[in-house]
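J.: Could you build all of it, start to finish, from the sequences and the hints given here?
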Amino acid sequence: MIEAYLIHLLILIGIYSLLAVSLNLALGYTGLINFGHIAFFGIGAYVSTLLVMAGVPFLIGILVAGLFAGLFGYLLVLATRKLKGDYFAFATLGFAFVVYSLFLNLQSVTRGPLGISGIPKPSIFGLAINSNFSYLILVLVVVAISVFLISKIVKSPFGRLLQATRDDELALRVLGKNTSRIKYKAMIISAFFAGIAGSLFAHYITYIDPSSFYLGDVILILTIVILGGLATIRGSIIATFIILLIPELLRFLALPSSILGPLRQIIYAVILLGVLLYRPRGLFGGVDLE
Amino acid sequence: MSLLLQLTINGLIAGSIYALVAAGFSLIYKTNKFMHFAHGAIVVVSAYILFFLFSTLGIPFFVGVILTLLFSCLVGLIVYRVVYLPLQKKKASNVILLIASLGLLILLENLVQLIFGADVKTINYLGIVKGLSIFGAIITPLQLVIIGVSIVLFVGLFYFMKKTKLGKDIRAVSDNRELAEVLGINYKRIASWSFVLGSLIAGIAGILIGLEQNLTPTMGTMLGIKGFTGAIIGGVASVPGSIIGSYLLGFAENYGIWFLPSGYKDAIAFVLLFLFLLFMPKGLFGKKKEGRE
Amino acid sequence: MIKIKNVSKHFGGVKAVNHCDFEIKKGKINALIGPNGSGKTTLFNVISNLLKSDSGEIYLDGEKISGIGDFKVSRLGISRTFQEVRFFRNLSIKDHLEIALREDDEQLFKGLFEKEIDFKERIQEVLDLVGLNKSLNTLAQDLSYGQKKLLDLAMAIIKPHKILMLDEPVAGVNPKLRKKIQEIFKTLNKKGETILIIEHDMNFIMGIADHVFVIDEGAIIAQGKPKAIQNNKKVLMAYLGE
Chain C
1 MIEAYLIHLL
11 ILIGIYSLLA
21 VSLNLALGYT
31 GLINFGHIAF
41 FGIGAYVSTL
51 LVMAGVPFLI
61 GILVAGLFAG
71 LFGYLLVLAT
81 RKLKGDYFAF
91 ATLGFAFVVY
101 SLFLNLQSVT
111 RGPLGISGIP
121 KPSIFGLAIN
131 SNFSYLILVL
141 VVVAISVFLI
151 SKIVKSPFGR
161 LLQATRDDEL
171 ALRVLGKNTS
181 RIKYKAMIIS
191 AFFAGIAGSL
201 FAHYITYIDP
211 SSFYLGDVIL
221 ILTIVILGGL
231 ATIRGSIIAT
241 FIILLIPELL
251 RFLALPSSIL
261 GPLRQIIYAV
271 ILLGVLLYRP
281 RGLFGGVDLE
Chain H
1001 MSLLLQLTIN
1011 GLIAGSIYAL
1021 VAAGFSLIYK
1031 TNKFMHFAHG
1041 AIVVVSAYIL
1051 FFLFSTLGIP
1061 FFVGVILTLL
1071 FSCLVGLIVY
1081 RVVYLPLQKK
1091 KASNVILLIA
1101 SLGLLILLEN
1111 LVQLIFGADV
1121 KTINYLGIVK
1131 GLSIFGAIIT
1141 PLQLVIIGVS
1151 IVLFVGLFYF
1161 MKKTKLGKDI
1171 RAVSDNRELA
1181 EVLGINYKRI
1191 ASWSFVLGSL
1201 IAGIAGILIG
1211 LEQNLTPTMG
1221 TMLGIKGFTG
1231 AIIGGVASVP
1241 GSIIGSYLLG
1251 FAENYGIWFL
1261 PSGYKDAIAF
1271 VLLFLFLLFM
1281 PKGLFGKKKE
1291 GRE
Chain B
2001 MIKIKNVSKH
2011 FGGVKAVNHC
2021 DFEIKKGKIN
2031 ALIGPNGSGK
2041 TTLFNVISNL
2051 LKSDSGEIYL
2061 DGEKISGIGD
2071 FKVSRLGISR
2081 TFQEVRFFRN
2091 LSIKDHLEIA
2101 LREDDEQLFK
2111 GLFEKEIDFK
2121 ERIQEVLDLV
2131 GLNKSLNTLA
2141 QDLSYGQKKL
2151 LDLAMAIIKP
2161 HKILMLDEPV
2171 AGVNPKLRKK
2181 IQEIFKTLNK
2191 KGETILIIEH
2201 DMNFIMGIAD
2211 HVFVIDEGAI
2221 IAQGKPKAIQ
2231 NNKKVLMAYL
2241 GE
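Chains as they are written, first to last, in the working numbering: chain C, 1 to 290; chain H, 1001 to 1293; chain B, 2001 to 2242.
To be clear, the hints were calculated from the coordinates, so they are not data collected in a lab. Among these hints, one or two may not hold up.
[Said to hold, decoys possible] Calculated lysine-lysine pairs in the BS3-like style (CA-CA distance at most 30 Å, straight line):
#1 B:K2052 x B:K2120
#2 C:K84 x B:K2072
#3 C:K121 x C:K155
#4 H:K1165 x C:K84
#5 H:K1089 x C:K84
#6 B:K2191 x B:K2234
#7 H:K1033 x H:K1188
#8 C:K155 x B:K2134
#9 B:K2115 x C:K152
#10 C:K84 x H:K1188
#11 B:K2134 x B:K2180
#12 H:K1033 x C:K84
#13 B:K2052 x B:K2028
#14 H:K1282 x B:K2015
#15 C:K82 x H:K1282
#16 B:K2026 x B:K2176
#17 H:K1162 x C:K82
#18 C:K84 x C:K152
#19 B:K2052 x C:K82
#20 H:K1090 x B:K2148
#21 C:K152 x B:K2094
#22 H:K1188 x H:K1162
#23 B:K2162 x B:K2026
#24 B:K2120 x C:K155
[What the hints assert, rightly or not] Coverage of chain H stretches by chain C, computed from C-beta distances (three or more under 8 Å per stretch; other residues unrestricted):
#25 1087-1095
#26 1266-1280
All C-beta atoms, glycine included, are put in the ideal place defined by N, C-alpha and C.
T.: Structure (structure tokens):
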């Protein structure tokens, strides 16, 4: 029984660490202050759900989910290309709200606030992934491949350009690099992997509704990334462990769920504020938030 | 015809509420040059304070109102001194302050939920009152009060900014902080006052909204978003602009659901927010040169 | 090499660059001098396409470069530095120079799986040229002001280019380093490099410039050899004011 519980926890940690690492790629490495990252997660979840429920094989569903999310990443950069600093950040938050609105209102597609339940478990080449343990393997494999790829990207010469874009975009342009295109690529990749994470989420929880992809979750991933530190993959993964384990530890206090819910959020908020005030680089970050 | 009138009145009421939120937010932005996203939470906190004092403790209503307003000012001041000021001292960028404000929003809203619970509460001061009929459109006395108080407040705010020393100091600091400091104005003091005043207006908003609607802990988020949208539409650094922008939002929402299903009401605000941020981030009445990047 | 034809740039009512017309010849050290606010940096920004001119054209080796975009102009062969030092805070010296050197690093997929190429030799060559002897792994933010100036110079040199445009390369630099940088320019010139410098330090200019352009209120009022410029009445008037 403890086993089952640990497996459940690890699956969620796996999914959210991919979400955090993909955000860090855009935010920590490239300096794109994207508060709307949760929208890519939601888009991935809905697209994968709708495709698989329409009979599309899971492997194609998850890939298309990522691609669709990537498309929205492109659209976000396109829409906000003239904005800077906090206006850019605020616009990305607005983007998250607009996407949330779409989830809520395109009821013929998304069933609006009712959400979609009965999302099927994946089936890969005929092999049904219907136990939690096998789902954990799936998550570990997908997340490991994804994190490996992201890690390759940030260590490559292109990855260096991402960081240069963050540090001084003008200086980089004057060295002959097309920083607009660099930013597009960064956001598309970031969104792609968030979409993949969204698909994993949907097929595990088997029920999604718009409220999973709203403000509270924006703060959750932001807290994880800031706690772990900017521009560190390891930091985001470890921070995901910490942040997701906290509510589990709280369970031992045997408090009613009406208290646990808000208490959890309060702890996240306090961690976020605490890191900003006293340790702005987070646990493993080497870069200041600008 | 009376439908049009009803929608207009509804727009006026919604606009007044949003304008109350936007005015405080804009005042704070104008003085401090960053987005205090947690402002909506101050509104909620105020509403719940009044609920606690009046409905739970049974304190006389108007005494409760005064105490609530004092509390709102206090919360605003604390938020500034404990979170924003230390960050500013460390030369935090606007983005960091924005993230901090998001954290504060979640913190305050969940504190409210922790203490009061997530169920819906009402402040039963007025009881069920029949609406008045004006040319076929219905408006309740409280709604008239909301519109009235808003207008009085905005006129008062206008004179405050123009005629009082504090108002002029605030305007000086918003126009050119360095110059103001050279002229002997204490920036920290003015910034603190901006939070006190902004939160006072938020307190008034919280009280009126608390009387008009039911209270839920998360209503601050949506109110905050609507207030910001109004401020962005009008011009976030201009208090009159933010007020006008909020009324425009109120009308846009209420006329909008004439054509769209009513579920799209919030979506109208989101879309307008996004569109204005993309195409007219300085708002309809924003100054051309704001010295912001 | 660079032809500036009738270029103008206004900011509101101010004519920062006013019908500027001149040509920079290849292989020479050119200096652009003039009183404060005469439009030197604006002109640089227009040439490197950080600003769009209101009228006129600019040609690099016969190819029109005005209005094509900042990074494109850079790729066509313009290396420039800024008055203020610009660098990537979290990157090392090695990173800076590799970024400047490579023209293929924007390709994502190629870079993902290629074998690591070693540019150390080329990088060390340029670092020796400018005299920046710090470990390659030093973070740029840990360098002194003078060292950052040298890093800026090194980046401009290592980047494939046809002309070096340097905006106040010795501003705020101590006299010893100033002399050193003068020598670097002489060495570059011997190698056939084309250089255009904005500077206020007259001694510095007179020591190395082949050709001097004097700009005042956005227009070229005089040009020629350093000695001739020194004695030019119009130039003296511009500096001394009315």
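J.: All hints, please: hold or fail.
T.: Outcome of the hint check:
1. B:K2052 x B:K2120: violated, 37 Å
2. C:K84 x B:K2072: The given pair, whose Cα atoms are some 22 Å apart, holds under the 30 Å limit.
3. C:K121 x C:K155: violated, 35 Å
4. H:K1165 x C:K84: violated, 34 Å
5. H:K1089 x C:K84: With Cα atoms ~23 Å apart, K1089 (chain H) and K84 (chain C) stay inside 30 Å; holds.
6. B:K2191 x B:K2234: Violated, at roughly 34 Å.
7. H:K1033 x H:K1188: The given pair, whose Cα atoms are some 13 Å apart, holds under the 30 Å limit.
8. C:K155 x B:K2134: holds, 23 Å
9. B:K2115 x C:K152: holds, 12 Å
10. C:K84 x H:K1188: holds, 27 Å
11. B:K2134 x B:K2180: holds, 16 Å
12. H:K1033 x C:K84: holds, 14 Å
13. B:K2052 x B:K2028: Within the cut-off at roughly 27 Å; holds.
14. H:K1282 x B:K2015: Judged against 30 Å, a Cα distance of about 27 Å means the pair holds.
15. C:K82 x H:K1282: holds, 13 Å
16. B:K2026 x B:K2176: holds, 29 Å
17. H:K1162 x C:K82: Roughly 34 Å separates the two Cα atoms, so the pair is violated.
18. C:K84 x C:K152: holds, 28 Å
19. B:K2052 x C:K82: This hinted pair holds, its Cα atoms lying about 17 Å apart.
20. H:K1090 x B:K2148: Roughly 25 Å between the alpha carbons, so the hint for K1090 (chain H) and K2148 (chain B) holds.
21. C:K152 x B:K2094: holds, 19 Å
22. H:K1188 x H:K1162: holds, 21 Å
23. B:K2162 x B:K2026: holds, 9 Å
24. B:K2120 x C:K155: holds, 17 Å
25. 1087-1095: Since 6 is at least three, the answer is holds.
26. 1266-1280: holds (count 8)
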